[in-house]
Amino acid sequence: MQRIHRIVHGFARVMAMLGGLVLSATILVTVASILGGQTALGPIPGEEELVQAGMAFAIFAFLPLCQITAGHATVDIFTNWLTGRAFRLLRAATEALFAAVLVVIAVQLEEGMQARLRSGQTTFLLQFPVWWSYAASLVGAVAAAAVGVWTAAARAWELWTNHDLIETGDGAAE
Amino acid sequence: AQEVTLRLHHFLPAQSAVPSQILDVWADRVEAESDGRIEVQRFPAMQLGGTPPELIDQAIDGIADVVWTVVGYTPGRFPSTEVFELPFFVEDARAASYAFWKLHEERMAESEFADVEILGTWVHGPGMFHTDTPVRAPSDLDGMKIRGGSRLVNELLTRVGAEPVGMPVPAVPEALSKGVIDGTTIPWEVTSSLRIPELVEHHTEFEGPGLYTLTFVLAMNKARYESLPEDLQAVVDANSRLDFSVFAGGTQAAADAPAREMAVEAGNEIVTLSAEETQVWIDRAQPVYDSWIAGMEEDGKDGQALIDAARALMEEYHDSYDGAY
Amino acid sequence: MSDLAIGIWSFPVLLLLIFARVPIGLAMFVTGFGGLWLVMNGPFMAMARLKTEAYTTFSNYSLTIVPMFLLMGYFATLGGMSQALFRAAEGFLGHRRGGVAMAAVGACAGFGAICGSSLATAATMSRVALPELKRYGYSGGFSTATLAAGGTLGILIPPSVVLVIYAILTEQNIAKLFLAAVVPGLLAAAGYMTAISIYVRLNPDAAGVRAPIPWAERLRALAAVWPVLLVFVAVVGGIYGGIFTPTQAAAVGAFGTGLIALANGGLTVRTLGESFTATAKSTAMIFFIVLGAGFYNGFLALTQVPQELSRAVVEQGFSPWMVLIAILCLYLLFGCLMDSLSMILLTVPIFFPVISALDFGMPAEHVAIWFGILVLIVVEVGLITPPVGLNLFIINNMDRETPMAATYRAVLVFVGSDILRVALLVAFPAITLFLLPD
Ligand code: NA
Ligand code: NA
Chain A
1 MQRIHRIVHG FARVMAMLGG LVLSATILVT VASILGGQTA LGPIPGEEEL VQAGMAFAIF
61 AFLPLCQITA GHATVDIFTN WLTGRAFRLL RAATEALFAA VLVVIAVQLE EGMQARLRSG
121 QTTFLLQFPV WWSYAASLVG AVAAAAVGVW TAAARAWELW TNHDLIETGD GAAE
Chain B
1 AQEVTLRLHH FLPAQSAVPS QILDVWADRV EAESDGRIEV QRFPAMQLGG TPPELIDQAI
61 DGIADVVWTV VGYTPGRFPS TEVFELPFFV EDARAASYAF WKLHEERMAE SEFADVEILG
121 TWVHGPGMFH TDTPVRAPSD LDGMKIRGGS RLVNELLTRV GAEPVGMPVP AVPEALSKGV
181 IDGTTIPWEV TSSLRIPELV EHHTEFEGPG LYTLTFVLAM NKARYESLPE DLQAVVDANS
241 RLDFSVFAGG TQAAADAPAR EMAVEAGNEI VTLSAEETQV WIDRAQPVYD SWIAGMEEDG
301 KDGQALIDAA RALMEEYHDS YDGAY
Chain C
1 MSDLAIGIWS FPVLLLLIFA RVPIGLAMFV TGFGGLWLVM NGPFMAMARL KTEAYTTFSN
61 YSLTIVPMFL LMGYFATLGG MSQALFRAAE GFLGHRRGGV AMAAVGACAG FGAICGSSLA
121 TAATMSRVAL PELKRYGYSG GFSTATLAAG GTLGILIPPS VVLVIYAILT EQNIAKLFLA
181 AVVPGLLAAA GYMTAISIYV RLNPDAAGVR APIPWAERLR ALAAVWPVLL VFVAVVGGIY
241 GGIFTPTQAA AVGAFGTGLI ALANGGLTVR TLGESFTATA KSTAMIFFIV LGAGFYNGFL
301 ALTQVPQELS RAVVEQGFSP WMVLIAILCL YLLFGCLMDS LSMILLTVPI FFPVISALDF
361 GMPAEHVAIW FGILVLIVVE VGLITPPVGL NLFIINNMDR ETPMAATYRA VLVFVGSDIL
421 RVALLVAFPA ITLFLLPD
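Chains as they are written, first to last, in the working numbering: chain A, 1 to 174; chain B, 1 to 325; chain C, 1 to 438.
These aren't lab readings, by the way, just hints derived from the structure by calculation. We put the beta carbon where it would ideally sit given N, CA and C, even for glycine. Please note: incorrect hints may appear among the correct ones.
Derived Cβ-Cβ restraints for the label pairs, each shown as a range [what the hints assert, rightly or not]: (1) C:C329 <-> A:A40: 52 to 60 angstroms; (2) A:A32 <-> C:Q316: 50 to 58 angstroms; (3) B:A137 <-> C:V269: 51 to 59 angstroms.
Throw the hints in and build the complete structure from the sequences for me.
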């Protein structure tokens, strides 16, 4: 169990790195476009569309790490008194709900991508098919759903064995 | 008693021209003539969520029952409608809205708009330039960053020597005030709500056909439309379609004059290029027609035939239309 | 059950979920999802919205400044820049009682002048100031509350995304709104510093003290701020000089701080990776909340709860001032649950015509601008009011040791300062309007 968990955690980190690289790329594209605009080269056409497509991928790619490190914001005032099994049960239930939501998001994003593939919608300036951006985001969304399902399973295992598996996260309650 | 609730969704604030002078009129009439059996709940300013380009999908998917949207927000999906966006093509918004409806019934309802029930089709008044520095000839646009509202307008801007920047209408004032763009294309009517006369000093309009127009549709979820009882469907039909389209186009064009007056009062310079001066522009814009027709051909559509049909229908409007809304 | 009733019942359900430690974004998401299911007698509308909504939320161009400014914050820290800014402020203020917290507020105000986002300001300055506050013996809750409040300066001091949205909705001049926001923004910073000095008098244990720093050292700290000034001039000069949009400014800021960090030797492959993972976690958390809030707000709008609630307030037949105060109170109430942009988008189109129709004894444009600044402040208070305050979550999230409840308690003094400021601006419209040209 611990070994699989380490592998999944490593995978989430790799996704976050990919997202970070794409985020950096959008920054470089923007800066290059500004510099180009000040010179004879001219700005990069459709800079904004590239930034949007890149950013959507990056955010989806960031989700798995947030998921597996319990990075989401929570309110803990009313659950502080819960201990042991009861707390583990609450956490497992929440994580299962989260996993279900992430799966639904990924499935519906795929539907959205198919709809754009059929309709042939393009962007304004670069006129590349919008479904390309959806497809890139889908990679991150599927990763998030998979890691979400694993995290839920891990919480269930923690409930079952009464042992910690997931590192104490950065979530507000911790 | 009320039987049906229709949710009408769009992106403009409730008090601006299109919602208050067109959409509310439509909704009020539908409510009144159904004896209150239909209620139209109005959700302005994207209150139901999403972004303006998603409106047409919201109607298709049933997130909203009825939406009003700019067709050009979804480039590539409704290529036939672009005929009315062609440069220097439309002179009279009412005639173009008439032609748009007829063309829609003939050629688009079963193909490009097959997933949705279109209740109205129209265009705005002539599009034009609003700029920091005076624009009389295409050469004045050299190196100027100009905002365009659709794929075709952006192509037109490139052809006449400007550098097109794509952004939604609400982003224009900030971009102008920060100097991110040097000017924008929009019809007069939109300038008042966006305070454009405070942000630029020069306006360039054209005698005869306008620089471009954008197309709009009032669209309804298909299943929802078909599920209406027959008599209620008849109420919706009676208040939509051809006469409504002409009314909507006419109302939007009529809002140009008071907005233009605001620019005059602000002491701005308004250049109206004569037919002769406009000819240079028309010549520079010609390749837009060519590439559009070529693009349509790739899609297996006859662009030239569409152009001819639209022209004939605009003539037909002037010769024979005497409907009223 | 009517749609309206479903909408009203969603409040306790949402609160229950949040208090049951369901992540905030998830709680809003599932409440919105379930609510849509009930209203539409099936899940199809919620499902249909998801086809595009997650993608469009995550690809929103204005929101791209959030990860960019977060990354900029990490780079700035690696390059020693946010520290320099904070240290200079700290050098001049730190020896006072509560001075380190005041310095954090001052640094937030400086950062707010280059940033249009509260969340980014809060997150970035927290990276720098939280460890310092801890080092000088400031209590956890007081430290996180200070930074959450300081973060709101990011949007109270122009440029401000919320004001742009308001300007468009109400057809007002953006430049004038920005100008009108300047004095209230500075008042906010002064008010927070006053709140700090009051808090530390009431809770002497909440803050440590240290000896004053010699003047030579203070001036050296001030001189060390030059890279900050460089980026500041490039970013602010770029925005006001009309060279770039706020998103472009964020990219320039991130790029510039990255270069400086590289030059200082702070940026290596390892620290770059750490910056990515840290940015990833915060960004994912923020965007999931934004997604959940959008989903929930769309549902609320559908049930017409905000619309009906505003109508009920207006129909009481009070005096203009009573209506204004009622509306502002309603914003404060809603701010306990909702995020600022959605709130503005939802309610301004309803309230603004009402306010415009009332006679406050001044020109219509002045009323519109004055109301805009008041709304800006009350929706920003929502970022720091418990239980749902985005800034609170974000800062608390950066500080493992401090329980949320401690942050909630300490932030009340800042909320108090906000409410006092709103009262002041309501009573004396001239504070907001005197800078405006005739
Ligand atoms: Na700001
Ligand atoms: Na709040």
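Evaluation of the provided hints:
1. The supplied range of 52 to 60 angstroms is met by C329 of chain C and A40 of chain A, whose beta-carbon atoms lie about 57 angstroms from each other.
2. As the Cβ distance of A32 of chain A to Q316 of chain C is approximately 57 angstroms, the hint placing it in 50 to 58 angstroms holds.
3. At about 54 angstroms, the beta-carbon gap between A137 of chain B and V269 of chain C stays in the expected band of 51 to 59 angstroms.
This entry satisfies every hint, going by the numbered hints stated previously.
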